[in-house]
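Participant: Given next are the chains, with one letter for each unit.
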Amino acid sequence: MTDKALTIQQVCKDRGKTRVLSDVDLTLAPGERVALLGHNGAGKSTLIKSILGLIPVDGGTIRVGDSAPGSAVARRDTAYLPEAVSFHPALTGREQLTLFARLSGEKADIPGLLDRVGLSDALDRRIGTYSKGMRQRLGLAQVLLGSPKVALLDEPTSGLDPISRQDLYAIIDELAGQGTAVLIASHALTEVEARTDRIAILRKGVKVADDTLANLSELAGLPIKLRVRATENADVLAAKLGGRRVNGASVEILCSPAEKMEALRRIAAMGEAVADLEMAPPKLEDLYRHYAREAAQ
Amino acid sequence: MTRFLAITRAEMLILRRNRWLLVATLIMVLFALALTFAGSAPTGTLGVDMLTVSVASMTTLSVYLAPLLALMMAFDAIAGDVDRGSLALLLSYPAGRGEILLGKFAAHLAALAFAMTIGFGTAGAVAAWFGGAGPESLMALARLILTSILLGAVFLALGYLLSALARGATAAAGLSAGLWLVFVVLYDLGLLGAVVMDQSGTFTRSVFPWVMVANPADAFRVWNIAATEGVAMASGMTGAAQALPAWAAPASLMIWPVLGFVLARAAFRRVEP
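Chains as they are written, first to last, in full-length UniProt numbering: chain A, 1 to 297; chain B, 1 to 273.
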């Protein structure tokens, strides 16, 4: 018996001669929300499909609760939202969900579920008439069927507008609240940072980081980028603020999270000389580069 | 056990929703009626009732149409779901791959059976009404409908096999067209050529009938023709059928769907969604 909802140990997967997953370890406790970050081709979808038992792994073990991936128990306990999910266009949302409910052997409140994801108006319309965002919501509705122990969401925010993203994270929180371990694969850090308990970064099939976002940022010591646009003379501004001139009229300043407020105060004190200010928190790309470099050492 | 029925129900909805059932049934009715009227001329000379002649014409029709309709339904079954990306999701549910395939098969076969029964049934009823029917010709009609469904089952299974092997639905459609051409047209042409070359040698007398009946489309023809004397006369094709034991054609037509399904299941196992 294990108290983990999902255990991945030393998993390897080869495609031809390339190793797409290399000794990946990852565990999820019940109710934990973990973001799995990485660029396209980093191995996120491959890892998720391995967890589902859809593709065999070439080394290591995966356990959903105590069961092997692809076993009847594991399939009952996992919910899955594929990337850019699509359904047969001839079926209606209600019919599609009814099929999934019957397959999983659940007595489900289909209209209730579709209402939960904001599709109650489109209940009896063909999926062929749905927008990309609506299909994504329908995909999310089937994740809520039953009470999965593990939910695997592959790029769940793709095609969603910002408001539905809010809904999405409300649903993810609800899932986590009922004890489901949620693994969210994404390529954009900004979309998952605030709403997950832990972040795992995958780069070329290797897990390069696995910690809370705060710890990751602190460990990486990544700078916040401030871009100040000068009203007249950028050179003077650069000299006074101690930054780097990037183009004719702008100055770029890099500072640690601790120094951020101090830098902002200095910029504000410049008064009329500053025309505009942009602030860019560290991006996945920066975290990436940092942890990739660290992994290489 | 009920899981494959869930798939069947959804597939039936799809067939009804995209008008497939309607179109297939209409095609069957129209062609069967046209052939029944066009082929009603030789009744007097052969001394058989009109239904018998009608069944003979419809047998020839079904050899082409049953495989075609079956393949048109089957080619999309796996490749289409892979293309849409919905297969991965479907397979993450507790239903096994065998159950999914069986569910689709049951729905597609039911649709084919419906189209065949209505199509041949209508034409048969019309022929019987205008030209008379006897117990024997009614049996021939029933046999035609049942064997057409079996022939459809063969090509449904072969269609799934291609759908699992092909990269994408478009490729599966192309392969299906090729398969149809080979089994229904080229195979017979090849055999004909071989018989002409052989000039009534050992090949023609002992090997040829078996090679012919190994093709499900020909087995279908032989079974329908050999079973009814009147149909054989009306179709003018008796020689080959007489050279074989009576069980050969039915055996071929009953083994093929099972064999096709087993092959499709094996190919489906290797599909990575």
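Quick caveat, the hints were computed from the structure, so don't treat them as lab data.
Bear in mind that the values here come from a model prediction, so they are computed numbers and not experimental data.
Note that CB positions come from ideal geometry on N, CA and C, so glycine has one too.
Treat the hints loosely; a few may be bogus.
Partial list, computed: chain A residues near chain B (C-beta under 8 Å) [what the hints assert, rightly or not]:
(1) K49
(2) L52
(3) Y80
(4) F87
(5) L99
(6) R102
(7) L103
(8) K107
Participant: Now look at each hint and say whether the structure bears it out.
Facilitator: Status of each hint after checking the structure:
no.	hint	result
1	K49	holds, 7 Å
2	L52	holds, 5 Å
3	Y80	holds, 4 Å
4	F87	holds, 5 Å
5	L99	holds, 4 Å
6	R102	holds, 4 Å
7	L103	holds, 4 Å
8	K107	violated, 13 Å
The earlier numbered hint that this structure contradicts is number 8, and it is the only one.
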